[in-house]
Amino acid sequence: MRKTYFLYGLGLGLLLIVLKLIEYQFLVRMHIFEIYGGLIAVLFMGIGIWAGLKFTHKAPAPIIVQVPPAFDENKIKELGISKRELEVLELITQGLTNQEIADKLFVSLNTVKTHSARLFEKLDVNSRTKAINRAKELGILRVN
1 MRKTYFLYGL GLGLLLIVLK LIEYQFLVRM HIFEIYGGLI AVLFMGIGIW AGLKFTHKAP
61 APIIVQVPPA FDENKIKELG ISKRELEVLE LITQGLTNQE IADKLFVSLN TVKTHSARLF
121 EKLDVNSRTK AINRAKELGI LRVN
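In terms of the UniProt record's numbering, the sequence shown is residues 1 to 144.
Simulated from the structure, these hints should not be mistaken for lab results.
Errors might be hidden in some of the hints.
[Unchecked claim] Derived CB-CB ranges, DEER-like:
#	residue 1	residue 2	range
1	12	32	29 to 35 angstroms
2	79	106	24 to 30 angstroms
3	15	39	27 to 33 angstroms
4	100	72	56 to 62 angstroms
[What the hints assert, rightly or not] Each computed EDC-like pair below joins lysine to aspartate or glutamate, with the alpha-carbon atoms no more than 20 angstroms apart:
#	residue 1	residue 2
5	113	90
6	75	103
7	136	73
Glycine is no exception: its CB is placed at the ideal position from the N, C-alpha and C atoms.
Starting from the given sequences, assemble the full structure and let the hints guide the process.
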């Protein structure tokens, strides 16, 4: 009796496996284009992610450090040039106008003109170009 149950159970199990395989084959054959389309979509998505990571990776931007000009502190003290006058001189060296210097230092135009006049007096010059050349000669500004 046990043998009979076992054989019926085994037969039904094999029949169930065969039916599932047939059902699987039927589903695959009916939806083959959808399956291939899905596989191709996954493949191209993977290639796209790989290419995106590979080709858009940018090198880090270089760090630019500006070295402040080397000043002869003793000469600056000897001439009596203030810190603000020195800042004005640096900006004059960069070729900025009085208004641009005023905007950069957050002071009025008249203040910049006053600093420039005192600077010219201390350097014993009468123009911006001469002030720059004199400052470089005295070692107040670094020669570029």
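For each hint, the structure was consulted:
1. 12 - 32: 29 to 35 angstroms: holds, 30 angstroms
2. 79 - 106: 24 to 30 angstroms: holds, 25 angstroms
3. 15 - 39: 27 to 33 angstroms: With a Cβ separation near 32 angstroms, residue 15 and residue 39 satisfy 27 to 33 angstroms, so the hint holds.
4. 100 - 72: 56 to 62 angstroms: violated, 26 angstroms
5. 113 - 90: Holds, because 14 angstroms separates the two Cα atoms, which is no more than 20 angstroms.
6. 75 - 103: Measuring from Cα to Cα gives roughly 28 angstroms; hence the hint is violated.
7. 136 - 73: holds, 13 angstroms
Going down the numbered hints, you'll see the structure goes against 4, 6, while the others check out.
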